[in-house]
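Number of protein chains: 2
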Amino acid sequence: MFSTVVMDLKRERFEEVLKEKKAETGAVHDTDLGAAALKDLVARYKRIVKEETGHEFPDDPYEQLKMGINAVFNSWYGARAVTYRRLYDIPDDWGTAVNVVAMVFGNLGETSGTGVAFTRDPATGMPNFFGECLLNAQGEDVVAGIRTPLPVQALAKPLPQAYQDLMKTYKKLERHYRDMLDLEFTIQEGKLYMLQTRVGKRTGIAAVRIAVDLVNEGVITKREAVMRVGPEQLAQYLYPIFDPKQEGKHQPVGKGLPAGPGAAAGKIALTPDKAVEMKERGERAILVRRETSPDDIHGMNASVGFLTSRGGMTSHAAVVARQMGKVCVAGCEALDVRDNATIRFGSLTLKEGDALSINGFTGAVYAGEIPVVESEIIQIIQGHLKPEESEKYRYFSTLLKWADEFRTLGVRANADIPEQALIARGFGAAGIGLCRTEHMFFAEDRVPIMQRMILTKTREDRERELAKLLPLQKSDFIGLYRAMKGYPVTIRLLDPPLHEFLPKREELMVEIARMELNRADPGSIAEKQKLLARIEELHEFNPMLGLRGCRLGITMPEITRMQVQAVMEAACEVTREGIKVVPEIMIPLVGLAAEMKAQKDLVREVAADTMRRYQTKFPYLVGTMIELPRAAITADKIAREADFFSFGTNDLTQTTFGFSRDDAAKFTDFYMNRRDRCPRCLSREVDQKTMQCRACGLRLSGTPDNILDADPFATLDQEGVGGLMKLAIERGRMTRPDLKLGICGEHGGDPASIAFCHILGLDYVSCSPYRVPIARLAAAQAAIKEASDGNAVRPAKRRLANRVVRRTSRLRK
Amino acid sequence: MFSTVVMDLKRERFEEVLKEKKAETGAVHDTDLGAAALKDLVARYKRIVKEETGHEFPDDPYEQLKMGINAVFNSWYGARAVTYRRLYDIPDDWGTAVNVVAMVFGNLGETSGTGVAFTRDPATGMPNFFGECLLNAQGEDVVAGIRTPLPVQALAKPLPQAYQDLMKTYKKLERHYRDMLDLEFTIQEGKLYMLQTRVGKRTGIAAVRIAVDLVNEGVITKREAVMRVGPEQLAQYLYPIFDPKQEGKHQPVGKGLPAGPGAAAGKIALTPDKAVEMKERGERAILVRRETSPDDIHGMNASVGFLTSRGGMTSHAAVVARQMGKVCVAGCEALDVRDNATIRFGSLTLKEGDALSINGFTGAVYAGEIPVVESEIIQIIQGHLKPEESEKYRYFSTLLKWADEFRTLGVRANADIPEQALIARGFGAAGIGLCRTEHMFFAEDRVPIMQRMILTKTREDRERELAKLLPLQKSDFIGLYRAMKGYPVTIRLLDPPLHEFLPKREELMVEIARMELNRADPGSIAEKQKLLARIEELHEFNPMLGLRGCRLGITMPEITRMQVQAVMEAACEVTREGIKVVPEIMIPLVGLAAEMKAQKDLVREVAADTMRRYQTKFPYLVGTMIELPRAAITADKIAREADFFSFGTNDLTQTTFGFSRDDAAKFTDFYMNRRDRCPRCLSREVDQKTMQCRACGLRLSGTPDNILDADPFATLDQEGVGGLMKLAIERGRMTRPDLKLGICGEHGGDPASIAFCHILGLDYVSCSPYRVPIARLAAAQAAIKEASDGNAVRPAKRRLANRVVRRTSRLRK
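Protein sequence lines, in the order shown, are assigned to chains A and B.
To convert, take the position in the first sequence, counting from 1, and add 20; that gives my numbering.
To convert, take the position in the second sequence, counting from 1, and add 20; that gives my numbering.
Be a bit skeptical, because a hint or two may be false.
Any copy will do: because identical chains look the same in the list, a pair fits if it lies in one copy or spans two.
Calculated lysine-lysine pairs in the DSS-like style (CA-CA distance at most 25 Å, straight line) [stated by the list, open to error]:
no.	residue 1	residue 2
1	Lys-70	Lys-494
2	Lys-299	Lys-805
3	Lys-39	Lys-620
4	Lys-371	Lys-294
5	Lys-294	Lys-620
6	Lys-191	Lys-269
7	Lys-686	Lys-550
8	Lys-550	Lys-477
9	Lys-760	Lys-805
10	Lys-686	Lys-524
11	Lys-221	Lys-265
12	Lys-657	Lys-42
13	Lys-505	Lys-760
14	Lys-600	Lys-275
15	Lys-805	Lys-524
16	Lys-221	Lys-188
17	Lys-760	Lys-299
18	Lys-70	Lys-488
FYI, nobody ran anything at the bench for these hints, they're computed from the structure.
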């Protein structure tokens with residue numbers, strides 16, 4: 021009751037006093053404190069309450085109850101709750117409820133006890149009752165880690181009736197709720213009381229297995245199973261994991277937030293420099309810090325994982341981990357980073373260089389090194405393991421097969437090279453939605469040719485260099501076509517500004533200055549200066565808005581000619597091999613219908629010419645990316661010239677918001693976290709009770725708004741960018757009712773954005789090869805959701821044109 | 021007839037042969053050629069025709085006639101005609117007509133003659149019959165410059181009847197056509213024949229005077245007068261001019277295209293370096309070149325005007341002149357640039373350093389130096405001349421007064437400092453539509469404070485520096501308010517990215533490299549490195565899309581606080597002086613309603629606080645610029661927080677097109693001139709008859725399209741950017757029907773864009789102070805046009821909300 025009553029006060033003050041008391045009395049655990057010490061502690065606690073609230077801690081139990089109830093209600097606005105809701109997209113206005121029930125006691129002797137359990141294994145999904153309990157103990161004791169709990173099966177002997185009741189009850193509950201549950205129970209003098217049950221949290225791997233098993237057990241339908249797994253959870257199948265048998269043998273020494281998925285084992289590094297040193301010695305470092313800061317980046321880069329004692333899912337360590345693809349466990353409270361030599365987990369002391377393992381799926385931290393293995397799914401895709409050898413793969417592929425039965429949205433992958441295309445096919449991509457041809461030019465053997473091409477000034481010289489690139493491009497396309505075996509391959513013509521292929525302007529300037537001062541050979545200086553002069557010519561203040569995309573192909577049509585020739589020659593040759601080829605040539609950064617027409621005419625001319633030379637014919641499409649607001653607004657005119665639209669939502673987000681993707685984090689991070697701050701001085705020190713800023717004294721009239729709810733580069737901004745997409749679809753279909761529609765921005769792999777694309781009526785989404793399974797599941801869920809919203813299953817093959825009208829009109833509401 | 025028949029052939033070949041012949045025979049003028057030479061010339065001409073067309077020049081007069089007729093029709097597609105149409109916005113599909121009439125002869129002896137005339141003076145508009153004639157001559161002779169023509173009045177004595185008829189006829193024609201006309205006539209054996217008449221071309225100054233005079237003469241209505249003057253023509257009132265009395269005394273030595281308005285007199289410079297040299301000596305240089313190229317830029321910059329012998333209204337010299345605001349006469353065919361020492365106009369030879377005068381309004385070129393004077397209108401605005409002393413001002417202001425009777429669109433000016441505000445008021449601006457507060461920080465005494473403010477890392481330090489800027493900003497605003505005497509003043513908060521106030525990154529990098537190599541004082545190096553580190557922190561890949569606009573004010577609210585405090589304190593103080601003040605605070609670069617709300621709340625808080633301190637009250641508005649596509653799309657949400665919208669069409673054009681204004685010329689120049697080129701190899705050598713490219717052999721199926729019709733930064737793109745504006749207005753008025761609407765991009769001074777703004781239903785346009793008269797006239801014309809399109813005059817005070825619905829629905833058609 022006390023802890024509930026004071027839960028909206030500053031926890032740190034109580035913890036501090038407790039720590040002091042333990043130091044005074046030499047106690048290690050709370051339970052070591054004697055009666056006198058406890059009495060004094062209570063007095064001190066009461067003093068804190070008085071200071072923080074201005075009132076005495078009440079003696080009247082009804083007053084206490086009322087305070088407790090209020091405290092629960094208020095907890096809805098606590099910083100942790102707010103963060104949690106933000107992370108899991110729970111609306112602020114739902115609020116919370118409070119249950120008041122009579123107390124049962126698990127600590128009335130050896131016939132009493134308490135425990136927590138899951139109806140199935142929350143880590144693997146195996147259908148075993150799984151839990152922990154303690155005899156003669158109250159709830160908190162089981163999870164507090166002071167006494168080591170027993171497996172729940174240990175109750176069978178001392179309390180057979182209660183155990184039997186528990187077994188019966190969990191099965192009944194699972195049948196009733198039709199899902200894996202977690203339970204809390206207390207046994208008071210031999211009698212079982214269920215305290216609470218709710219749908220149990222689980223890993224992604226468990227989620228899939230449980231959903232599939234429940235279908236096989238006849239408990240739920242396939243449709244329900246598909247809805248039961250969060251699409252993002254599938255990513256867990258792809259990360260390296262601890263060898264499951266080995267991990268089971270270890271007891272965690274601490275637990276934090278699973279902030280960066282995957283499993284990592286290595287040696288403890290307590291400073292970034294140490295991590296770098298270890299990496300140089302060929303060792304795997306786990307960087308352990310109180311919290312990380314931008315100064316640690318070099319060390320983070322050198323580590324395989326990070327562990328911190330402070331900070332949440334959005335702390336620096338967590339964000340960087342997910343960006344870098346590193347494993348991270350953040351905010352591990354059991355961890356005490358003492359100095360630069362040792363760390364402690366409770367009584368266990370480890371030193372720099374000792375082995376440590378962290379599980380980024382569960383947040384578990386282990387002393388010692390647990391072997392890490394490549395995910396089975398990846399091993400299968402790469403051909404190192406046979407599908408039938410993997411139980412995990414069976415569950416994974418079964419769920420996705422069911423998902424495919426429901427989804428109407430196609431899923432393609434963004435792949436630039438044959439290896440990526442093969443992975444995409446392995447994950448079930450039905451085509452390539454974006455092949456970025458420029459990535460082919462960044463290869464080591466090609467960049468010099470590309471540079472020479474750019475540095476020439478005449479068309480003739482450019483054509484000579486382009487002729488050298490032609491066979492290289494062509495062989496890339498041949499590889500892609502063969503890998504995709506008849507599935508469409510969307511090839512985007514050269515997109516980035518040319519200076520991306522050249523040395524950096526400022527570095528060259530510094531180099532020349534140095535050469536001049538060092539009296540270097542005048543010939544070499546002149547050479548460098550010539551290069552600099554051309555780079556200066558190409559220099560742009562805002563390259564994102566400069567000479568790139570189709571603007572290159574229009575002002576230097578020989579580039580488009582070479583690329584289209586490579587695309588079509590490759591297609592002719594692979595067609596002759598008997599493999600079907602469906603090239604879809606995509607013109608980037610179109611903003612004016614005349615741009616599209618100019619490039620399309622050129623493509624058609626070169627294509628007809630190539631087919632004539634090869635005496636081969638096959639259908640191909642010429643379409644455009646919609647990645648500029650002007651393209652969306654004039655989509656009716658552009659659609660006259662384009663067979664398909666692919667929404668390039670990365671650039672469309674940049675131009676719609678006026679946010680540079682490379683620069684926006686400077687303010688968008690703040691935009692997403694403004695809520696916690698004083699709107700005047702931006703201090704985080706806002707007293708949540710009085711709503712007064714402790715730093716500048718401003719009295720707030722309410723919680724400040726966040727400016728952005730989500731990063732628009734991660735999740736599609738449905739209102740702004742989505743509004744333009746809607747316009748583009750409506751207008752595009754006005755002049756070309758059978759216009760093919762896709763999306764190839766990063767949003768194509770984001771479940772919320774995929775759902776929106778389904779509602780918009782796109783034909784397909786295209787995403788990174790590794791996100792194809794996520795997209796398949798998200799697309800299925802969107803279709804099921806739409807059907808159940810409309811109380812009917814939507815026939816899969818309805819005319820797209822009708823679909824979009826109905827859907828977009830719903831969007832308008 | 022011959023010249024008509026062969027007019028679609030290459031003129032150069034005939035000219036070459038003629039030149040050869042003249043060289044052979046030593047003839048100076050064509051007329052010096054003897055009969056034998058002429059006969060040979062005809063034979064050679066016929067040979068050219070044979071070679072160019074593959075056919076003999078026909079002897080059959082009907083065949084000749086047919087060819088002549090065809091040639092006229094074909095001339096519609098000639099390069100000159102195409103360029104002309106593009107310059108004057110004449111649609112390509114109008115086509116041309118051919119009149120076939122009997123010939124009259126002015127060269128049948130001394131009772132015959134020919135002439136051209138204007139019914140009023142085309143340069144000044146004075147109501148004098150004005151023309152030139154020759155006795156015993158045919159049409160071409162008058163304009164060819166071989167014989168010096170006589171003033172038309174010289175006909176009175178030798179041919180009194182014809183002269184009297186001419187006087188009667190011109191008045192009759194003027195009455196009939198109700199405008200100043202140009203005429204061509206021939207007198208054959210004493211009898212007057214009118215060959216053609218059409219509305220006469222005139223200078224802007226003449227256009228105004230003629231329109232006003234015609235109203236006073238009762239010939240046309242005020243409404244017609246307002247429609248008779250091109251808004252851009254008013255600019256001629258503002259450029260420096262030749263002293264009219266002095267110019268009248270000079271005979272032009274050549275005539276070219278009036279490519280850069282104004283009058284310039286100085287010394288001939290034949291190379292860019294010479295121009296620079298002259299400038300350094302304090303002399304005014306007129307750069308004379310065959311044509312200019314980008315390599316000449318330094319010399320062009322050093323000159324007061326340019327004269328070229330080649331190139332048209334869109335040649336390099338012409339474009340640069342208008343950009344730089346220099347005087348330019350381009351394509352002066354009489355000019356022969358021999359070498360780097362002398363030039364010739366016919367028989368007149370001038371050398372480098374000789375005096376030359378060029379009139380950029382008329383294209384006239386004079387040997388010698390004609391005095392240049394400041395425009396009378398500017399002298400009046402600046403208070404150096406009294407209005408009643410200027411006849412020009414009387415006409416100018418009369419027409420604008422009439423324009424104001426018709427226009428419903430308000431006209432404001434963009435002005436940052438009191439001097440600009442005073443000029444704007446002088447030109448009749450009813451308020452400031454954009455005061456860019458950052459321009460106040462670029463002043464020499466302020467930039468160091470601004471830099472210190474930026475380089476600090478804490479809020480406290482920033483606030484200390486901002487406090488120093490406060491009194492400076494405040495005094496600026498006081499000046500503006502006083503100048504605007506109760507008219508609204510729209511103040512935009514800080515907009516540009518902060519690095520614009522700091523040294524350039526790459527220059528600093530080079531400097532540090534130099535210091536290091538020179539072993540400079542380590543302390544100074546460290547200082548510079550610290551500065552560089554902060555600049556690196558602020559560095560952005562695309563500053564246009566970076567940390568600027570309201571993003572600054574939200575992440576550093578103390579900047580907004582200081583600015584708003586300055587705005588409001590100044591307003592309080594000026595209000596106390598008894599001057600009405602209407603501040604309109606404008607939040608830049610809003611893309612999210614939450615941004616607007618956050619800044620508005622802050623503005624309101626500071627404003628209320630300041631008014632309380634001063635115990636003064638007055639109304640003020642808080643609005644936003646609509647300059648991002650997302651703002652337009654979500655205008656309904658943003659309008660809830662904003663009292664007004666001002667369309668920032670510069671940035672809106674950048675983001676809608678994805679064009680960086682600083683970089684786009686790299687391809688937009690080509691986009692606007694693609695029509696003349698081969699779409700494959702971009703060569704200009706396309707044979708207009710066979711439509712085959714002479715460079716790469718491609719056979720064109722038609723004239724290639726231009727990608728852009730006009731520069732979207734000069735003339736508003738109605739389809740794309742305008743489409744977003746329309747959306748923004750519709751949606752904004754949905755949630756705030758009385759939303760005040762304006763435009764403050766450069767387009768606010770462009771007549772075509774102003775007409776569009778009128779149709780959109782904006783409340784005002786805001787433009788540079790010097791373009792205010794142009795905007796007033798353009799707004800009047802838009803209103804008159806709308807009224808006559810709708811067959812009714814629109815009452816000026818109709819509810820705006822209705823207006824926009826009707827207007828925008830018309831746009832949709």
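Indicate which option fits the pair Lys-70, Lys-488 if close means a Cα-Cα distance not exceeding 25 Å: within, between, both or neither. neither (81 Å within a copy, 45 Å between copies)
Up to 25 Å between alpha-carbons, please classify Lys-294 paired with Lys-620: within, between, both or neither. For Lys-294 and Lys-620, the Cα distance exceeds 25 Å both inside one copy (56 Å) and across copies (49 Å).
If the cut is 25 Å between Cα atoms, do Lys-191 and Lys-269 qualify within a copy, between copies, both or neither? Neither: 28 Å inside a chain and 112 Å across chains, both beyond 25 Å.
Between Lys-299 and Lys-805, at a C-alpha cutoff of 25 Å, which is it: within one copy, between copies, both, or neither? Answer is neither; intra-copy 48 Å and inter-copy 75 Å both fail.
Have a look at Lys-39 and Lys-620 and pick one of within, between, both or neither, based on CA distance no larger than 25 Å. Neither, since 74 Å and 47 Å both go past 25 Å.
Please work out whether the CA atoms of Lys-70 and Lys-494 approach to 25 Å or closer within one copy, between two copies, in both situations, or in neither? neither (78 Å within a copy, 49 Å between copies)
If the cutoff is 25 Å on CA atoms, where do Lys-686 and Lys-550 land: within, between, both or neither? Let me know, please. Result: close only across copies, 20 Å inter versus 35 Å intra.
At most 25 Å between alpha carbons: which applies to Lys-657 and Lys-42, within, between, both or neither? The answer is neither: 76 Å in one copy and 56 Å across copies each exceed 25 Å.
Regarding Lys-760 and Lys-805, is the shortest C-alpha distance of 25 Å or less found within a copy, between copies, in both, or in neither? within (23 Å within a copy, 42 Å between copies)
First find the shortest C-alpha distance between Lys-221 and Lys-188 inside one copy, then the shortest across copies, and answer within, between, both or neither for a cut-off of 25 Å. within (21 Å within a copy, 102 Å between copies)
Up to 25 Å CA-CA - Lys-294 versus Lys-371, copy category: So Lys-371 and Lys-294 pass the 25 Å test inside one copy only (13 Å; across, 77 Å).
Classify it for me, Lys-221 with Lys-265: is the Cα-Cα distance of at most 25 Å met within a copy, between copies, both or neither? within (22 Å within a copy, 94 Å between copies)
The structure does not agree with the numbered hints 1, 2, 3, 5, 6, 12, 14, 15, 17, 18 stated previously, though it agrees with the rest.
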